[in-house]
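Kindly produce the complete structure, drawing on both the sequences and the hints.
Residue numbers (this note's numbering), protein chains in the order written: chain A, 1 to 160; chain B, 161 to 330; chain C, 331 to 739.
It is worth saying that the hints were derived from the structure and are not from the lab. Do not rely on the hints blindly, as some may be mistaken.
To give an idea of the chain C side of the interface with chain B (calculated C-beta under 8 angstroms), a few residues [as the list claims (entries may be wrong)]:
1. Gly390
2. His393
3. Ala721
No farther apart than 27 angstroms at their CA atoms in a straight line, the calculated lysine-lysine pairs in the DSS-like style are these [what the hints assert, rightly or not]:
4. Lys303/B <-> Lys407/C
5. Lys150/A <-> Lys329/B
6. Lys96/A <-> Lys16/A
Just so it is clear, CB atoms sit at the ideal spot from N, CA and C, and this is done for glycine as well.
As a plain string of letters, each chain reads:
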Amino acid sequence: MGLEQKLGNMGVATVKLEELVNWSRTNAMWPMLFGLACCAIEMMSAQAANYDMSRFGMELMRASPRQSDLMIVAGRVTRKMAPVVRRLYDQMPDPKWVIAMGDCASCGGIFNNYAVMQGVDEVVPVDVYVAGCPPRPEALIHGVVTLHEKIRGEKFKDWA
Amino acid sequence: MSDVLQNHHARLLKTFGGATTEHAGEITVILPAERILEAARLIHDEMGFDYLAYVTAVDYWPEENPRFHVAYTFRSLSQKLTLHLRAPVAGIKPSLASIESVYRNANWQEREVYDMFGIHFEGHSDLRRILMPADWVGHPQRKDYPLGYEEPQYSFNFDEIKARKPAPKE
Amino acid sequence: MTQLQDVSLDGLSHLVSERALRGETMLLNMGPQHPSTHGVLRLLLELDGETVVNCIPDIGFLHTGIEKNMESKTYQKAEVMTDRMDYMNPVGNNFTYCLAVEKLIGLDVPVRAQAIRVILAELTRIQSHLVWLGTAALDVAAMSVFLYCFREREQILDIMELVSGQRMMTTYIRPGGLWRDVPVEFEAAVRDFLKIMPKRIDEYEAMLTKNPLFLDRCLGIGVISGEEAINWGLSGATLRGSGPDYDVRKFAPYSGYEQYDFDVPTRTQGDVYARYIIHIEEMRQSIRIVQQALDKLPLGPVRSNNYKFVPPPRSQIGTSMEALIHHFKLWTEGFYPPKGAVYAATESPRGELGCFLESDGGPKPYRVHFRAPSFDNLQVLPRLSKGHFVADLVAIIGSIDIVLGDIDR
Chain A
1 MGLEQKLGNM
11 GVATVKLEEL
21 VNWSRTNAMW
31 PMLFGLACCA
41 IEMMSAQAAN
51 YDMSRFGMEL
61 MRASPRQSDL
71 MIVAGRVTRK
81 MAPVVRRLYD
91 QMPDPKWVIA
101 MGDCASCGGI
111 FNNYAVMQGV
121 DEVVPVDVYV
131 AGCPPRPEAL
141 IHGVVTLHEK
151 IRGEKFKDWA
Chain B
161 MSDVLQNHHA
171 RLLKTFGGAT
181 TEHAGEITVI
191 LPAERILEAA
201 RLIHDEMGFD
211 YLAYVTAVDY
221 WPEENPRFHV
231 AYTFRSLSQK
241 LTLHLRAPVA
251 GIKPSLASIE
261 SVYRNANWQE
271 REVYDMFGIH
281 FEGHSDLRRI
291 LMPADWVGHP
301 QRKDYPLGYE
311 EPQYSFNFDE
321 IKARKPAPKE
Chain C
331 MTQLQDVSLD
341 GLSHLVSERA
351 LRGETMLLNM
361 GPQHPSTHGV
371 LRLLLELDGE
381 TVVNCIPDIG
391 FLHTGIEKNM
401 ESKTYQKAEV
411 MTDRMDYMNP
421 VGNNFTYCLA
431 VEKLIGLDVP
441 VRAQAIRVIL
451 AELTRIQSHL
461 VWLGTAALDV
471 AAMSVFLYCF
481 REREQILDIM
491 ELVSGQRMMT
501 TYIRPGGLWR
511 DVPVEFEAAV
521 RDFLKIMPKR
531 IDEYEAMLTK
541 NPLFLDRCLG
551 IGVISGEEAI
561 NWGLSGATLR
571 GSGPDYDVRK
581 FAPYSGYEQY
591 DFDVPTRTQG
601 DVYARYIIHI
611 EEMRQSIRIV
621 QQALDKLPLG
631 PVRSNNYKFV
641 PPPRSQIGTS
651 MEALIHHFKL
661 WTEGFYPPKG
671 AVYAATESPR
681 GELGCFLESD
691 GGPKPYRVHF
701 RAPSFDNLQV
711 LPRLSKGHFV
721 ADLVAIIGSI
731 DIVLGDIDR
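So, in structure tokens, the structure goes:
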């Protein structure tokens with residue numbers, strides 16, 4: 001602040017490096033297309049015109065894990081799919097975050113049986129859980145905004 | 161119940177033996193399992209039922225003989241008729257002839273019955289698991305296979321269940 | 331459980347051609363996570379350059395064990411699981427299950443409930459076809475159609491929310507009728523929707539039907555003849571694109587469909603373009619059916635009054651002893667249908683969706699099996715895609731309209 005007062009109107013702003021990095025990470029976060037089941041349809045609705053997620057920086061969904069930094073696990077993860085989820089998570093470059101969308105991804109949902117993993121946090125570490133079956137697009141956007149707030153509070157040493 | 165359908169039922173019973181049961185206006189013909197392929201050919205070629213709706217099985221454990229009933233439903237699109245069939249199969253080394261050569265979609269339907277119940281279909285071109293992973297042990301929809309549910313975590317057993325639950329290392 | 335499974339090539343060698351084993355053709359994995367496979371479908375492609383020689387689908391990545399799980403819940407509580415099978419058609423799944431339960435018990439459904447069931451089922455059909463159109467067009471790179479379709483879909487989801495409180499998995503249709511009567515705003519909302527929808531369908535057609543790029547991508551791709559289609563057990567638009575006019579609503583009418591006047595569109599070419607035209611026509615016919623059902627909507631109760639199987643209205647519980655006892659027994663134990671097995675089918679947007687239900691006299695279903703239309707429709711994919719390019723394979727998968735939740739259950 002003091003520097004700006006001395007330099008007058010020269011178009012200079014000062015900010016902490018961590019804040020700048022976190023701000024840029026949140027504003028252009030590209031999710032990976034990982035719709036598994038019903039929640040995927042609500043995720044598509046959230047991306048479409050009515051509840052636009054592009055307003056929050058998620059302009060497009062990348063199909064390749066190498067080009068994305070957010071994995072929204074939308075839908076039930078079965079035991080056959082679990083190694084695939086883990087492999088895709090490993091293929092994403094740092095920094096990466098995971099949102100578990102819906103009840104099935106958070107805790108297994110209504111399916112408590114031999115075939116469904118009781119929550120995707122059995123295979124990947126999750127940052128934000130969004131509840132609902134399926135969660136409304138507004139709930140997903142709330143989850144995304146919560147993730148943004150979490151990222152604003154991150155420190156460099158978390159990722160080092 | 162139309163006369164044409166009743167004639168078909170009577171003909172099947174006369175050729176193969178067996179019985180019929182009825183519930184809610186639907187008649188199901190029960191045929192012996194050894195002659196199911198012949199019956200399928202008769203139904204397809206001569207009776208005009210050209211569409212197989214599904215093949216599924218019911219498990220009557222702990223009754224051992226017969227333990228399974230394999231159920232079929234055929235439709236005749238031109239005559240607007242539906243035929244329900246069942247074949248009882250024993251519990252030890254259950255096996256049955258495959259009707260894939262007559263109705264092509266029996267391919268995947270029978271694979272699903274094999275995967276879920278363990279019933280072998282002889283003459284099937286590609287009998288392997290379809291819904292479960294290839295190295296899965298056991299046949300899930302049998303009645304003696306457990307549901308495999310996870311115990312709900314309440315406050316009194318929270319820590320024990322958390323210790324047993326798998327978690328990623330990173 | 332998180333070990334990757336090694337499936338050796340020997341186990342699959344009977345499925346690929348000789349050339350693959352010699353190394354002439356390439357085996358490519360179009361994995362479970364792919365933008366164009368409409369869900370978690372894994373395809374093992376055998377490619378000769380860009381041409382598909384063989385294609386082996388590997389399914390089961392969404393197998394949820396719903397059928398087995400329903401065996402351990404009572405009939406009313408098991409219905410919740412049926413919504414989540416074919417998640418583009420949740421009302422249709424509930425409908426099929428309820429028809430099977432009602433057939434098993436021998437329960438009569440009042441006419442008002444039947445008409446409202448038809449209206450909701452047809453609205454769900456329109457909603458499913460809109461998502462199909464959006465994603466299939468996205469697969470052939472017509473990206474703006476996606477945004478247009480989802481705009482209309484939001485209106486239908488608003489109607490669903492008005493009626494049941496939930497946008498998608500409504501569980502509004504219950505054995506014996508409906509959960510509760512529709513609110514007063516329902517008719518106005520549906521009429522508003524019906525007023526604007528035909529012009530919107532014209533908009534979609536204006537974007538795609540005569541578009542030379544779309545025609546190039548779709549004409550003559552994935553052709554199958556009518557007889558072969560019947561032998562493969564196809565149903566829905568995939569079958570009707572090749573000739574036969576099998577529609578369960580006309581074959582074995584249920585829930586009052588015989589009173590409504592509608593056509594079943596068919597084509598004979600059997601290619602991707604024919605299926606696209608049929609989907610668009612079906613949307614128009616659904617609008618016709620909803621119009622007729624709404625005009626003729628009868629007054630009356632929306633639930634059967636056989637309280638041994640159907641819960642009594644909540645208002646009676648305070649005053650009538652029998653109602654209280656019925657309510658208590660139904661929600662603690664469930665109802666006891668007679669022993670027997672039935673099969674009930676409806677026409678889902680994908681084809682013939684059927685429910686095979688067997689009861690042993692107890693309060694829980696002894697065996698439930700759903701005949702999923704996408705299961706049989708996907709079987710024919712290797713046959714349809716032989717000799718086409720990988721990009722055409724994507725268009726074919728789009729046109730046969732599969733939903734992996736339906737296939738894997």
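(message) So, against the hints stated earlier in the document, which numbers end up violated here?
(response) 3
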